[in-house]
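Novice: Kindly generate the complete structure, drawing on both the sequences and the hints.
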Amino acid sequence: MAMAEPAAIRTVSEVLNAGRPARAGVSRSYWAGVRRRLARDRVTIVCAAILFVILAAAIFAPYVTWADPYKTSMIRRLLPPGSPNHILGTDELGRDMFTRLVYGGRISLFTGFMPVFVATVIGGTLGVLAGYLGGRSNMLIMRVMDVFYAFPSVLLAVAISGALGAGLVNGLVAMSLVFIAPVARVSETVATQVRNEDFVEAARATGARTWRILIEHILPNVLGPILIYASSLISVAIVLASGLSFLGLGVSPPNADWGLMLNTLRQSIYVAPVNAILPGVMIFVTSMCFNLMSDGLRAAMDVR
Amino acid sequence: MTLAVVPENPRLPVSADPRDRGGPMQPMLLVEDLKKHFPIKGSLFSPSRAVVKAVDGVSFEVAKGETLGIVGESGCGKSTTARLLMHLIQPDAGTIVFDGDPVGVVRGIPVDELQRNMQMVFQDSYASLNPRLPIADSIAFGPKSHGLPKSEARERARDLLGMVGLNPRLFAERYPHELSGGQRQRVNIARALAMHPRLVILDESVSALDKSVEAQVLNLLVSLKDRLSLTYLFISHDLNVVQYVSDRVMVMYLGRVAEIGPVERLYEAPQHPYTRALLSSRPSMDPRRRVSVPPLSGDPPNPVNPPSGCRFRTRCPLAEAVCAEIEPPLAALPAFPAHKVACHAVAAASGHSGTAVPV
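Protein sequences, first through last, are from chains A and B. Those letters in the first sequence? Residues 1 to 304, per the numbering used here, in order. Those letters in the second sequence? Residues 1001 to 1359, per the numbering used here, in order.
No wet-lab data here; the hints were simulated from the structure. Keep in mind that a hint or two might mislead.
Claimed, not checked - To list a few chain B residues with every Cβ distance to chain A over 12 Å, as calculated:
1. L1030
2. R1049
3. K1064
4. P1110
5. A1127
6. P1131
7. P1176
8. V1222
9. L1330
Stated by the list, open to error - Incomplete in silico selection of chain B near chain A, CB under 10 Å:
10. F1038
11. D1112
12. L1114
Idealized CB from N, CA, C, for every residue including glycine.
Specialist: Below is the structure:
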């Protein structure tokens, strides 16, 4: 059985790509595969599109709305959706619902992203370290996380922001603290799995430093699952932030925020049920889209 | 079977070795009384005292340029020995001397220096490659983390790919899942060679490949050994493969060395009853040599509580009272000093009723 000399064989792609850089079109990278699978997933694409519209509207709020979100009007209170000039009606103080929903997205989406981002950076680092180092470091980090875990997340967020005082920033701090523990736990689990793989042993066998192994071998293999988990937390964060606002601990009136709007419109639920439900619908749609999208991401990335 | 002949490359090391420190007579690797006992995890309040004696006092040496085969049943401590040598797990006791330099002691060579000189190829060709890295990056990782600039490390990776018979133009940027098992194992070999090691531990490296690919990879290993003047530690449970590649063979049983000797000698005149059982358990192509009685039955005893005295006595056809009392030392045969056996039935004046086979 003779194996020909490699330099002598010239494949079709080699001949065609002669003179070009060596990459030569053979590489179907992992991320290219993920992108291809995502493109086929219709649910994920629709969800991403909806989220994109909501996000874009929130960012460019002054350009897509025509009313002042803070301008009240006693004679135009609780107009039903479809009224002239107020396509989604008005709230209990006569402010335009559509405008306030768009502006409310600014704070609600921000309070959804920010705590998750902070918690992913901190919790992810802690968890990956705990998982890779194992032993006592793992024990120390994960037992501290367990203390946070002992409290229901809503209760913990309420307690922390209650202790820090009401306000947007304190609410964000409270929610970041709440999310650190679950992110750390997921990261620890994934990192522990990866750490026991042969390729990590092989990397250690080269005598490379720990941080190098963490960055080049562990991180690329744990990032996917951690990001998927984090994206599913965004919806929880939006709901939680709305809950804090609802309890008067997050955003304070007259700022527009979906949770706060839900709170203040609650009293009008018998008079104008549709208006009262609208902020809830926004919360529901947004968090649902984040959830479905993270499901789609997981499916697309979960291939070996 | 001929192999790919890649033109000599000036960037890769060639025969005469400037890294030699101890002289040609100094063994590449000297291992003495290596021990690893894994504690069995107890709970917080009742710490367990039980330990698994995975490797329990193993001593051997590997001469420069030779291939030492290590055989034994699953769980006999072959792979643990390999990981201990690589310092992937820390030995509990024992000394390792690499080319005259004791490892990990003052005035010896540090562990990372040892790891540069000694590399390992694992059994599972897929699990031992990072699925998120193109294979050239996997190969380049080691040299890069030892300070070689990225471009040079990648250049070395491409050279090595050519050396193991994979065209770098086609394979360098591929991911592990795009390769076959044999190709992946070639990549793993290239990765081990990237550190310019002098000793390569092959831990069941060809066992998972199918037979024709196994033969190709074996021949590649043999030719690389000559070209790069490597020393191999070849761990396998496949006695035929070990016979093919090894100069000397070491038989392990339950964390200890049962027998060690030159390959022809060990395969023709095995002394230890365990070695004989192993060798007669090989499948034969000759129908006249068909056996109906299994040479050895049952599983090895639990390494948590190994039998007293000789560890093999519970399955040994020659076991006597003395075997339960005294642990047989690994002793050279008087007539054949290179051949060492740990068995009372072979040693003179051991108290055993007779030497079973004439030496």
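Novice: Hey, does B:L1030 actually stay past 12 Å from chain A on C-beta?
Specialist: holds, 20 Å
Novice: Checking a non-interface call: every C-beta of chain A should be farther than 12 Å from the C-beta of B:L1330. Is that right?
Specialist: holds, 28 Å
Novice: Quick check on B:L1114 please, does its C-beta sit within 10 Å of some C-beta on chain A?
Specialist: Status holds, d = 8 Å.
Novice: Grab the minimum beta-carbon distance between B:P1110 and chain A and tell me whether it stays above 12 Å.
Specialist: B:P1110 is in fact no farther than 12 Å from some Cβ atom of chain A, at 9 Å.
Novice: Take a quick look at B:P1131 and tell me if its Cβ sits farther than 12 Å from every Cβ on chain A, holds or violated.
Specialist: violated, 7 Å
Novice: Non-interface claim for B:P1176: all C-beta distances to chain A beyond 12 Å?
Specialist: violated, 9 Å
Novice: Would B:V1222 pass as off the interface with chain A, using Cβ distances and a cut of 12 Å?
Specialist: holds, 14 Å
Novice: Find the nearest Cβ of chain A to the Cβ of B:R1049 and say whether that gap is larger than 12 Å.
Specialist: At about 20 Å from chain A, B:R1049 clears the 12 Å cut-off, so the statement holds.
Novice: Are all beta-carbon distances from B:K1064 to chain A longer than 12 Å?
Specialist: holds, 21 Å
Novice: Taking the shortest Cβ-to-Cβ distance between B:A1127 and chain A, state whether it exceeds 12 Å.
Specialist: Nearest chain A Cβ is 4 Å from B:A1127, so the label is violated.
Novice: Given B:D1112 as an interface hint, is the shortest Cβ-Cβ distance to chain A below 10 Å?
Specialist: With Cβ-Cβ at 4 Å, under 10 Å, it holds.
Novice: Should the hint that B:F1038 touches chain A count as held when the rule is a Cβ pair under 10 Å?
Specialist: Interface hint status for B:F1038: violated (14 Å vs cutoff 10 Å).
Going down the numbered hints, you'll see the structure goes against 4, 5, 6, 7, 10, while the others check out.
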